[in-house]
Amino acid sequence: MATTLDKVEVVTVGVGWTGGIIAAELAKKGVKVVGLERGKERTTEDFQHIHDEYRYAIRYELMQDLSRETITFRNHRDDRALPMRQLGSFLLGEGLGGAGIHWNGQTWRFLPYDLEIKSMTEKKYGANKLGSDYNIQDWGITYDELEPYFYKFEQTAGISGEENEFSAPRNNPYPNPPMKETPITKRFKDAAKTLKLSPFHMPSGNMSQTYKNPDGQTIAQCQYCGFCERFGCEYGAKSSPIVTVIPTAKQTGNFELRTHANVTEVIYDGNKATGVKYIDLQTGEEFIQPADIVVLTSYVMNNSRLLLNSGIGRPYDPESRTGVIGRNYCYQILPGATAFFEDEKFNTYMGAGSLGATVDNYNGDNFDHSNVNFIHGGSISTTQTGQRPINNNTVPNDIPNWGQQFKSESIKYYHRNLSIGAQGASLPHRNNYLSLDPDYKDIFGDPLLRLTYDFTEQDRNLHSYLTEKCVEIGKEMGADRVEPREISDHYSIVPYQTTHNTGGVIMGGDPETSAVNNYLQMWDVDNLFVVGASAFAHNGGYNPTGTVGALAYRAADGISKYIENKGQLVKANQSSEHV
Amino acid sequence: MAERSTMSRRRFIKNTSYAAGGAIGGGFIGTLIGRNLLDDQQEAKKGSKTESLPDFNHALMHFTNQKEFQLLSAATERIFPEDDNGPGAIKLGVPFFIDHQLAGSYGHNDREYMRGPFYPGSDFQGYQTRLKRHEVFDVGIKAIQNESKKEFDADFVELEGKQQDQILQKFQDGDVKLKGVTATTFFELLRSATLEGAYSDPLYGGNGNMKGWMMKEFPGNYMSYLNEIGKEEFIKKEPRALRAHIQS
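From first to last, the protein sequence lines stand for chains A and B.
Using the working numbering, you'd call the opening residue of the first sequence number 171 and step up by one each time.
Using the working numbering, you'd call the opening residue of the second sequence number 56 and step up by one each time.
Don't read these hints as lab results, they were simulated from the structure.
Incorrect hints may appear among the rest.
[Stated by the list, open to error] Taking lysine-lysine and the BS3-like style, the derived pairs with C-alpha atoms no more than 30 Å apart in a straight line are:
id, chain 1, residue 1, chain 2, residue 2
1, B, Lys286, A, Lys382
2, A, Lys582, B, Lys204
3, A, Lys177, A, Lys202
4, B, Lys286, A, Lys611
5, A, Lys202, A, Lys447
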């Protein structure tokens, strides 16, 4: 029997970037917030032995324990989905701070084009550019409306960056100057300039200098130690929820954090969310936490799964293309090239998660798509994140992957290869979606989330176009050999690709095709907010966290408005067929 | 960003004609293991004023049969052989690293979803065997021995290096039938565990005396490269292990 606790004003499910932002903003205004986090508490002091590639980068110590819960996966809806038994393609976070602990810190603003992609594409290229199988749609908000929230997140996180002529327009400079120039970033920039592109330093959540944010939290200067993604920062020099928003929330006295609290259900009376049910993983006790407002702030996958398992919202059906929960799941496309140098060695073992240089000339609608068979594009970068020896054994394609030749070539090229990579946008396709698995369960007996996903024609066309551009840059950088990256026959759950999953509980102006409004408030349940990249109606050509942060600040504003006035904050699109 | 260490299935099928040079004769493995232990002790003696301790962690936690451990050792040495660059898997302690890992959470898939039902799955759905990794190694090592007997009428450890490579290649290509797991899954585990043992922090028992890192000119863990990251020339540093972070 579950124990029912005293009612609180706001409960969040998950305490990472989004849960931390919601907690900090509301608690500062005097609202009582309880944050439920299923993992353990973590501080910078827990990362003193973090420089351990095997423990953290290979065995994934900071990531989700899949023995409790995973997802199932299939390429197509006619296939049988099977469990993702081991982490691979993407790395799910767990514990206080979530994936915001082990991110690289590359922090972007999505483009104005992203937020109005359907309208802008149709206006310029007509209605049939992509064909009818793609669910591209506007996000129900314009860039100008979101701009102040982008800046707010950048200020909190202390983003270090420099102006970029193709960037979304900025009303303020970055809070910190860009990170250091290195021979690798300079090499990329020089090549890009020769090719008449516009390179710039990547915007970074690794601090270029010691920084105090507007909430009074100090983030230390990055040491370029080369252990960033998959690792926590032992110096507190990578912006993360545990050095920014979570301490801010705690200092108000209005925030209560409960760790090891695994939420299994949002309690729903058919009209309102009345609270959540959770299990204390250390004692096995079950609790009901009643709340005036419930905010789902867990990862993309879990936001969708909790709604589906709680029977909230209409599940998406790929056959009829109706329903909204699970709709528009997107991943990312990773075109690229490897540049091999015979006579030069680079200090690739040094680095920082967002030390890099980028060109945006081929992102969004920054170039003309009239004569190409895809829309959107991606940012192209070289990064110097710190190449560690287990995970980096790059050899040319004609060398086998074990044996004497492999050994000597992988040693030779360890400091002699550079990667030029694109983050390509991913557009929603009717057959790519999230739903509940009919067979597989988690340790509590609840259905796992099922991912149905494969690359589309749009993806392949975009991949080959951007790969060609990466090869051009690699050649211009003076490499002796440049090898293009291939896209596999089907998407595979096995090799690591990117943790940039998006969609499932998407925002928009029309309740027929979106689950939440532009405050991330559910159309169907007005005291339930669902925050995170789950709200993205498609995935853009950048890392998502900057946009996630902006949307979280927007949602915090929405929750404040809701506390004052209740009810729906946004009027649904009038053109909607929804009644 | 995508990892670059693993080959696509298509690519390694393309490489089936590959055979590495060099050979390790039968009976040599035992000698190597013995010598490795000796080397470690001598180096430890040189490096410290106090009397050195024998390497007590070079003992078996998972394997119960020394012949099987020797087969594992020989196979890892073919994957990461001794050459002009420096020591191979055996001298680096990789077989002990793997043995110890198989006895722990890695070998028992503690943090992975191991509930049924089990179905074979497509090439894109990943690990779908009901066997845990320590069982996969047991099954795989027995199969290597069987295959060796079948092909060459000899124990695997007695084969010439090129013959051992031929056998291993059949496993990588999935051309051997194993009970409960594909040969390719086993081979890829063996291959990745070998590299992990060669290059992980020496605290795990591999990367003996940090020689894996030295070959690769990876300096292990340093607190800061703040004042070096902008420099043009390649900077070579003495490697440092996590041991240096323990305050005593």
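Hints, one by one, checked against the model:
1. At most 30 Å may separate the alpha-carbon atoms for a hinted pair to count; Lys286 (chain B) and Lys382 (chain A) meet this at roughly 29 Å.
2. For the hint pairing Lys582 (chain A) with Lys204 (chain B), the CA-to-CA distance comes to about 36 Å; that exceeds 30 Å, so the pair is violated.
3. About 10 Å separates the Cα atoms of Lys177 (chain A) and Lys202 (chain A), which keeps this hinted pair within 30 Å; it holds.
4. Between the alpha carbons of Lys286 (chain B) and Lys611 (chain A) the distance comes to roughly 53 Å, so the proposed pair goes past 30 Å and is violated.
5. The hinted pair formed by Lys202 (chain A) and Lys447 (chain A) meets the criterion: a straight-line CA distance of about 19 Å does not exceed 30 Å.
Checked against the numbered hints listed earlier, the structure breaks hints 2 and 4; every other hint is satisfied.
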